[in-house]
Amino acid sequence: MTTSATSTSPASAAPALDETPSRGRRRVPPNLIFLAKRAVTYLAVFLVSVVLNFVLPRLMPNDPAQSMIRDIYDKTGQRPSEYQMSIIHNMYGDPNASIWEQFWNYLVQLAHLDLGRSIMYYPMKVTDLIVQALPWTVYLGLVSTLLGWLIGTYLGARLGWRPGRLLDTIVTPFAMFFSSIPPFWLGLLLVWYLSYSKGLFPAQGAVNQRVRPAELTNLDWVLSIAYHSLLPLVCLIVVGFTGWLFSMRNMMITTVNEDYVHLARAKGLTPERVRNAYAARNALLPNVTGLAMSMGGVLMAVVLAEAVFIYPGLGGLIGASTAVRDYPLMQALLLIVIVLSLIFNFIADSVYVLLDPRTREGS
Amino acid sequence: MLRRFLGNPKVGIGLAIIGLFTLVALLGKPFAAEIMGRTPQSIFPEAMGASPSWTHPLGTTSSGQDVFTWMLYGTYNSMFVGFASAIIASAIGIAMGTAAGFLGGAVDRLLNGIILIFQNLPSFPVLIIAATFWREMPLLVVSVLIGLFEWTGGARRIRAQALSLRGRDFTTALRTIGESKLRIVFVEVMPHLFGILSPIFLTLIAAGVGMQASMAMLGIGNAAEPSWGLIINYAFGMNALFRGMWWWFVPPGLCLALLGFATTMVNFGLDEITNPTLSTRRMTLMRRFLKQNRRITPRADASTTPTGAVS
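Quick mapping for you: the protein sequence lines, in order, are chains A and B.
Heads up: the first sequence begins at 0 in numbering that gives the first Met the number 0, then just goes up one per residue.
Heads up: the second sequence begins at 0 in numbering that gives the first Met the number 0, then just goes up one per residue.
Watch out, some of these pointers could steer you wrong.
[What the hints assert, rightly or not] Taking CB as the label site, the calculated pair distances span:
id, chain 1, residue 1, chain 2, residue 2, range
1, A, K197, B, A222, 29 to 37 Å
2, B, A222, A, A276, 52 to 60 Å
3, B, N111, A, R57, 28 to 36 Å
4, A, I32, B, T273, 27 to 35 Å
5, B, A222, A, L146, 31 to 39 Å
[To be verified] Sample of chain B residues at the chain A side, in silico, Cβ under 10 Å:
id, residue
6, K9
7, G112
8, I116
9, F117
10, N119
11, L120
12, I219
13, F241
14, P251
15, L258
16, A261
17, N274
18, L284
[Stated by the list, open to error] Heads up, simulated SDA-like pairs for lysine to any residue below, C-alpha to C-alpha not over 20 Å straight-line:
id, chain 1, residue 1, chain 2, residue 2
19, A, K36, B, L110
20, A, K36, B, N111
21, A, K266, B, L289
22, B, K290, A, N256
23, A, K197, B, W245
24, A, K266, B, K290
25, B, K290, A, P270
26, B, K290, A, L268
27, B, K290, A, A265
28, A, K197, B, V249
29, B, K290, A, R161
30, A, K36, B, R155
31, A, K36, B, L109
32, B, K28, B, A222
33, A, K36, B, L120
34, B, K290, A, L165
35, B, K290, A, R264
36, A, K36, B, G104
37, B, K28, B, Q40
38, B, K290, A, L262
39, A, K36, B, I113
40, B, K290, A, R164
Because the hints were derived from the structure by calculation, they are not lab data.
Every residue, glycine too, gets a C-beta built ideally from N, C-alpha and C.
I would like the entire structure built from these sequences, with the hints used as guidance.
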């Protein structure tokens, strides 16, 4: 009867049902149809965001081309050079050209991955700036999400196992409060207290510039990165683990009352074994699939935290480019952010279909 | 019914906090302007960067503005964005959700597609694009933009509810006696939607306030309209961290956290009311009962369980 516990997990239930040939053949296509539908949606979202990226600047009350020229004038005290003017023309099109021509030119540029040059770091190419910043954001995002997931899921399993117990009554309200703290504000508190007051951690930057050479084989360099990223990671994890904790706790509470858990208890297995191998194992599924799904959403929290810690990732770039209104950089950054979160969401959807056959019924 | 809701401590505390913020938002501005005679623009040159005192309960900024006055105005502006964006988002959500759920067919498919697209479109980046091109974006525009991106969750749940209401006997009965569709929707169905709408609305308020704060943190917004996020951004820009002026950036963040905390509490409480298995009080009572029971009946022997032999 031990199989009764494992077979309730949907992932392992699927192959057993597929053994009947007629059902097995009908079961494969819905998977693909589900994914294809999602792919079409993501394509639509991508197209909408490309169009928005083109339309929004043109809908706004200030003419971006004019304000770009004004910004350059403000900053350098000179009229924009011929070359800068040609870039502005490239970005926003010849004002005399029809809107459709402008849109076509914009699409052609996008297809060539030509996103113009930054005003702030002129004459750097916007794409080069983004390629430099991306690894830092991916590092912060991945590490904070994974650690937050582990902590939240573990604690959630502990709390949901015995809800209402001392641990639960203490930890859950705290977690509720943590979940509402804006990550950027927590970052400010950490910088103020630990960096400036106590001088324990660096307040900004991602690595000590004096540590050379900047290679992954250089242990000092790697340690310096870890040291600099400690505060941003703590701030992202403290806020991020709570979502996993709540979903795991609530799933555990429902799982704990399932028959197979009662059976496992009745067998006289140790509570730890019942908790980990029977209840938690089956409560885990939403959190596993949610992990991939969250990657896209995490991006914005990371971006804001980076703005606080002046971290050289995408967030730092977004903060700086909004401050000086570096329009080409802004637009490129936002397109990248949208594409990244779409990619992560698509991966999440694929994982979901693989792990949980129930989604097929929903599609 | 109302007593059952307010009797839940989580719902009670959460609603009390939200009510307090709303009260401060409504009364704070006239209080600061009329009674204290201060606006965010007034400057106190004799107290620049002063720590909290009786005349300045939350101290002053480095250029001598009273932080308490800023907070009173900021509460009004933040709550304004929260309520305005929540109202806009719920209005769109109700319209889309009921239309999709009630009309069904091609309309449902089309609206579902739109909902899916908006749901997957990361709202924050798009808001920033819009805001970058609109210098000094007014708060009302910020609220409208936030509302335009936050309606999908509500629309989905309302659609599901409308779908189930469509199949209920009372709507079928009304249709057979020749009641018009519009009347059925507005008079009979809408009241049923408010039950699921109220927690969504609270969440939308907190989400709107948080979203606006995040935007303000990146420097988007009008400096003449202080909000919680803008005060934090201003403090950050003026090096309040390095100078250790905690009274400048701690209160607005604390307010943001408290408001979010309150809505989380209410939602948890409502979950417990509608789904008693989640109620921790019930769980504790049940365990106590089981424990007492165990003392009375001997522990179930594995070999005599109805499921038969146990490995």
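Hint-by-hint comparison with the structure:
1. For K197 of chain A and A222 of chain B, the Cβ-Cβ distance of about 32 Å falls inside the hinted range of 29 to 37 Å, so the restraint holds.
2. A beta carbon spacing of about 58 Å between A222 of chain B and A276 of chain A agrees with the range 52 to 60 Å that was offered as a hint.
3. Between N111 of chain B and R57 of chain A the beta carbons are some 29 Å apart, a value that agrees with the proposed interval 28 to 36 Å.
4. Between I32 of chain A and T273 of chain B the beta carbons are some 34 Å apart, a value that agrees with the proposed interval 27 to 35 Å.
5. For A222 of chain B and L146 of chain A, the hinted distance range of 31 to 39 Å is satisfied, since their beta carbons lie about 37 Å from each other.
6. Evaluation of the K9 of chain B hint against chain A yields a held restraint, the C-beta minimum of about 9 Å falling below 10 Å.
7. Annotation: interface hint on G112 of chain B holds; nearest CB of chain A at approximately 7 Å, less than 10 Å.
8. The interface hint given for I116 of chain B holds, since its Cβ lies 5 Å from the closest Cβ of chain A, which is under the 10 Å cut-off.
9. Taking 10 Å as the C-beta contact cut-off toward chain A, the hint placing F117 of chain B at the interface holds, the least distance being around 9 Å.
10. With 10 Å as the threshold, the beta carbon of N119 of chain B comes within range of chain A, its nearest partner Cβ sitting at about 5 Å, so the hint holds.
11. Interface hint status for L120 of chain B: upheld, as the beta-carbon distance to the closest one in chain A is roughly 5 Å, under 10 Å.
12. Restraint check, I219 of chain B versus chain A: the minimum CB separation of about 7 Å is within 10 Å; hint holds.
13. Proximity of F241 of chain B to chain A holds as hinted, the smallest CB-CB distance being about 5 Å (cut-off 10 Å).
14. For P251 of chain B, the suggested interface contact is upheld, since its CB lies about 8 Å from the closest CB of chain A, less than 10 Å.
15. Against a cut-off of 10 Å between C-beta atoms, the interface hint on L258 of chain B holds, since the closest Cβ of chain A lies about 7 Å away.
16. Interface restraint check for A261 of chain B: the shortest CB-CB distance to chain A comes to about 8 Å, inside 10 Å, so the restraint holds.
17. A distance limit of 10 Å between C-beta atoms decides the matter here; for N274 of chain B the minimum to chain A is near 9 Å, and the interface restraint holds.
18. Hint status for L284 of chain B relative to chain A: holds, with the closest Cβ pair at about 9 Å, below 10 Å.
19. A distance of roughly 15 Å separates the Cα atoms of K36 of chain A and L110 of chain B; the hinted pair therefore holds under the 20 Å criterion.
20. For the given pair, K36 of chain A sits about 12 Å from N111 of chain B by alpha-carbon distance, which is consistent with the 20 Å threshold.
21. For the proposed pair K266 of chain A and L289 of chain B, the alpha carbon gap of about 17 Å is at most 20 Å, so the pair holds.
22. This hinted pair checks out: K290 of chain B and N256 of chain A have alpha carbons roughly 16 Å apart, not beyond 20 Å.
23. Proposed proximity of K197 of chain A and W245 of chain B is supported: the alpha carbons are some 14 Å apart, at most 20 Å.
24. As the CA atoms of K266 of chain A and K290 of chain B are separated by approximately 18 Å, the hinted pair is consistent with the 20 Å bound.
25. With a CA separation close to 15 Å, the supplied pair K290 of chain B and P270 of chain A stays within the 20 Å bound.
26. The suggested pairing of K290 of chain B with L268 of chain A holds, with an alpha-carbon distance near 18 Å, which does not exceed 20 Å.
27. For the proposed pair K290 of chain B and A265 of chain A, the alpha carbon gap of about 15 Å is at most 20 Å, so the pair holds.
28. Note on K197 of chain A and V249 of chain B: the hinted pairing holds, with a Cα-Cα distance of about 18 Å set against a maximum of 20 Å.
29. Distance restraint check for K290 of chain B and R161 of chain A: the Cα-Cα separation of roughly 13 Å lies within the 20 Å cut-off, and the hinted pair is therefore satisfied.
30. At roughly 18 Å between alpha-carbon atoms, K36 of chain A and R155 of chain B fall within 20 Å of each other, so this suggested pair holds.
31. With a C-alpha separation of about 14 Å, the suggested pair K36 of chain A and L109 of chain B falls inside the 20 Å cut-off, and the hint holds.
32. About 16 Å separates the Cα atoms of K28 of chain B and A222 of chain B, which keeps this hinted pair within 20 Å; it holds.
33. Restraint check for K36 of chain A and L120 of chain B: the C-alpha separation of about 16 Å stays at or below 20 Å, so the hint holds.
34. Proposed proximity of K290 of chain B and L165 of chain A is supported: the alpha carbons are some 17 Å apart, at most 20 Å.
35. As the CA atoms of K290 of chain B and R264 of chain A are separated by approximately 14 Å, the hinted pair is consistent with the 20 Å bound.
36. The straight-line distance between the Cα atoms of K36 of chain A and G104 of chain B is roughly 18 Å, inside the 20 Å bound, and the hint therefore holds.
37. At roughly 13 Å between alpha-carbon atoms, K28 of chain B and Q40 of chain B fall within 20 Å of each other, so this suggested pair holds.
38. With a CA separation close to 17 Å, the supplied pair K290 of chain B and L262 of chain A stays within the 20 Å bound.
39. Distance check on the hinted pair: K36 of chain A and I113 of chain B sit about 14 Å apart at the alpha-carbon level, within 20 Å; holds.
40. At most 20 Å may separate the alpha-carbon atoms for a hinted pair to count; K290 of chain B and R164 of chain A meet this at roughly 14 Å.
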